[in-house]
Amino acid sequence: MAETNTTVHPHAGLLKNNLREYGMLISLVAIMSFFQFMTDGTLLQPLNLTNLILQNSYIVIMALGMLLVIVAGHIDLSVGSVVGFIGALAAVLMVQYDWHFVPATLACLVAGALIGAAQGWFVAFFRIPSFIVTLAGMLVFKGLSLALLQGQSVGPFPGSFQLLSSGFIPDWFNGELLRTTSLLAGILVAFALIVAKLRERSNQTRHDMAAEPYPFFVAKNLVFVAIIVAFSWKLASYKGLPNVLIIMTLLMLFYDFVTTRTTIGRRIYALGGNEKAARLSGVKTQWLSFWTFVNMGVLAAVAGLVFAARLNTATPKAGTGFELDVIAACFIGGASASGGVGKVLGAVIGAFVMGVMNNGMSILGIGIDYQQVIKGLVLLAAVFVDVYNKRKA
Amino acid sequence: MTLLEMRGITKRFHGVTALSDVNLAVRAGEIHAVVGENGAGKSTLMKVLSGVFPHGDYEGEIRFEGQERRFAGIADSEHAGIIIIHQELALVPLLSIAENIFLGNEPARFGVIDWFAAHAQTQALLRKVGLNEHPGALITDLGVGKQQLVEIAKALSKAVKLLILDEPTASLNETDSDALLALLMELKTQGIACILISHKLNEIAKVADTITVIRDGSTVRSFDCCNEAISEDQVIRAMVGREMADRYPKRTPEIGETVFEIRDWRVHHPEHADRLVVKGVNLHARRGEIVGIAGLIGAGRTELAMSVFGRSYGRRISGEVKLHGRVVDVSTIQKAIGVGIAYVTEDRKGYGLVLEDDIQHNISLANLGAVSHAAVIDEGREFKVASEYRQKLRIRCASVSQPVVNLSGGNQQKVVLAKWLFANPEVLILDEPTRGIDVGAKFEIYTLMVELAAAGKCVVMISSEMPELLGLCDRIYVMNEGRFVGEFDRAEASQEKIMRSIVTAAAA
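Listed in order, the protein sequences are those of chains A and B. Residues 150 to 542 in the working numbering are what the first sequence lists, from first letter to last. Residues 40 to 547 in the working numbering are what the second sequence lists, from first letter to last.
These aren't lab readings, by the way, just hints derived from the structure by calculation. Since the model is a prediction, treat every value here as computed from it, not as a measurement. Incorrect hints may appear among the rest.
One side of the interface only, derived from the structure: several residues of chain A facing chain B at Cβ under 7 Å [said to hold, decoys possible]:
1) GLY292
2) HIS356
3) ALA419
4) ASN423
5) LYS425
6) GLY489
The calculated label-pair distances, taken between Cβ atoms and stated as ranges, are [stated by the list, open to error]:
7) B/LEU133 / A/PRO364: 54 to 64 Å
8) B/ARG420 / A/ALA267: 37 to 47 Å
9) B/ASP60 / A/ARG348: 48 to 58 Å
10) A/ILE512 / B/ARG435: 25 to 35 Å
11) B/GLN126 / A/THR409: 35 to 45 Å
12) B/GLU310 / A/ALA267: 54 to 64 Å
13) A/PHE274 / B/ASN463: 30 to 40 Å
14) A/PHE406 / B/GLY295: 38 to 48 Å
Idealized CB from N, CA, C, for every residue including glycine.
Start from the sequences and build out the full structure, keeping to the hints where you can.
Have a look at this one:
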């Protein structure tokens, strides 16, 4: 029955897929336009745009790791506490013990990996539900960061470390009004995107795979290019591209590549989709689960460093509640709570949906009370629309 | 007297016609078999009847006990006395028999359950269906056969007039199947009519009064078994719409040297570590040979196969696996695949497929290395490989980028087979490869097995359907309670001999 349905309109399925895939992006644009209008253009002012990126970078970075964890069929509730703990560790090493920022950063990343490994060990090899293991981790690392800081705030960090969050890429052209390097970098990225998309398309047609209609392909990518160039133009007219944006973009591209193009990514989806079938097909399911947690630990450590550098101090309260934003970002971005489904770009968009709402509502002066209510409802609505569409399909 | 009449039922899904002008008439107190290939529309028809598709969602008329009925949902049809028992049983595993039987229908006063009444009534119902279990026993502790009986008891508790059973014996062994069929005959004498959906024509021949054949969404014909003798071939011809000269492909086996050997294989139960499940089995298979393993369900055949395949079942496993006379390491699934062993599971949805994922991704999963360079997947190559298998195995789909969940059982099975063929094994172990798939797809899978053997592979087939073992295999082992209790060559094997070796082993 399905055969006749799809052979009649060969493009219908593709367009529908694209609509679902870009639905999130369209909602992000809609939300941004809404706040842009409501805040009389404050939202997209270069200064605010820069802030928006800085404020959300650590959520985005963790969402990359969380997406893998969720796709593999697990959850990690401890990431907020790990952010706090790593920040505390970094502060103790750099401020109290005067370590140089390079070895201190490396030590923090290793600590993150070990934390992930410890939790992943219980989840993967002892089959304790990840909800429980990481709930325990949440308490443990919250407590450990309190202990490490002895209840005090520790700071400030050395200047070179602060650049991680507050630095911008250097401008070789000394542009006064416009950071030319940043704009060029944006244009370069846009160009790279076009090349990559064209290659993908020629690969598809060469193998007679279904490809989207040509006009749609052109229109879609022109919109993307326009957005990237406009975005870097805006940023270039302030201080240029923040260092964090570069880190974030590289990580994003890396994880997008890993999930969509590599064998390890494919195996994670298979693991989350049907663990038994994956195992019987020769996938090392236990080790794979383990590594997704190690990866999550490292990314939580990166986020912890970025956050500590941004605040320029480590406080016992740092990271509280981050896990909720990160998990929400993944689900808003279309990940499935039962595993096997989800996209890196979706999670990133989800993180920005949350971020833009936080930022926009703050500008509008909406209290923290109703901000939470609205964010909760948006999360529910996003998942509802997803499930509703799936049921109709 | 006619109990149920469905007239001119037409049902469309998004413009695709699933049923067109189907007629079905069930007489009071008869067993009415509905047969057809997978995807013919049997389940859709039953969903129309039971109100899963409410009135207005389909065209046509349903008359039950002489009145026109317009069911708005399952509750409506159950109220009228039509109860459907699905293939996947709808019991809560960790609740007791009594709790399950009265689930949603508890004998209660002001919301407080009267457990004495519930247990007493359960006891009476269990006696009726011939199940000797305590009403407090948990469902999870019962075998599938007994669970089936609990479902029927549950139906009886609701004053059933028409019982619909969807593939009730698909996962039952022969003893349990026979008991179930006897129960249906017994219910018939009490005036309860029954619609039986099944692929097992021999069982239908035993109990059915009428057989209705559905093909491509239409009723093809109805056979009245009371007045004339109906042969299986007649029914099959109506089902597939073509002459089925031979149910098994012809072959001239060319058997070479011994390739695959299992020596003194012992496996313990994964939870009860001192229970021996496979008790010292020796098996060999030669190049180009199709070897069968017969036996009842629970004989340990799946456990044997899975434990050999990278210890994916059991604990404290001992014994040797040899390929070409050399002992090979099969201690993990990766190693077993590496030396050239493939295991095609009996449970394709649970253990064989990532259902939500594409056909192409499922096919490449066991051999991703062959479609990637340095861990980066070449999607073009993957698509090409999948398309080749689609053509070779005649997988019916719109495109290999389609999720497997929407395919019919036979086509899903072909995807699982394609996955393992792509892994290019020397020894292919097939566990119930034709379970729950239609006659046409069965023949295609048999043909494929014959081709594999002709190409010099060893094919080991586990099956509970003796005719297919006898029709295909060069040699058949008989397994019972963890042991091989018989071995027959093609020439000497027969259903009676196999059954006898099981029975005498059980008695010994």
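Verification of the hints:
1. GLY292: 36 Å, violated
2. HIS356: With a minimum Cβ separation of about 4 Å from chain B (threshold 7 Å), the hint on A/HIS356 holds.
3. ALA419: 5 Å, holds
4. ASN423: Interface hint status for A/ASN423: holds (5 Å vs cutoff 7 Å).
5. LYS425: 5 Å, holds
6. GLY489: 6 Å, holds
7. B/LEU133 / A/PRO364: 54 to 64 Å: 56 Å, holds
8. B/ARG420 / A/ALA267: 37 to 47 Å: Since B/ARG420 and A/ALA267 have Cβ atoms about 39 Å apart, the given range 37 to 47 Å holds.
9. B/ASP60 / A/ARG348: 48 to 58 Å: Roughly 52 Å apart at Cβ, these two residues keep to the hinted range, so it holds.
10. A/ILE512 / B/ARG435: 25 to 35 Å: The hint (25 to 35 Å, Cβ to Cβ) is violated, given that A/ILE512 and B/ARG435 are roughly 56 Å apart.
11. B/GLN126 / A/THR409: 35 to 45 Å: 36 Å, holds
12. B/GLU310 / A/ALA267: 54 to 64 Å: 28 Å, violated
13. A/PHE274 / B/ASN463: 30 to 40 Å: 31 Å, holds
14. A/PHE406 / B/GLY295: 38 to 48 Å: 47 Å, holds
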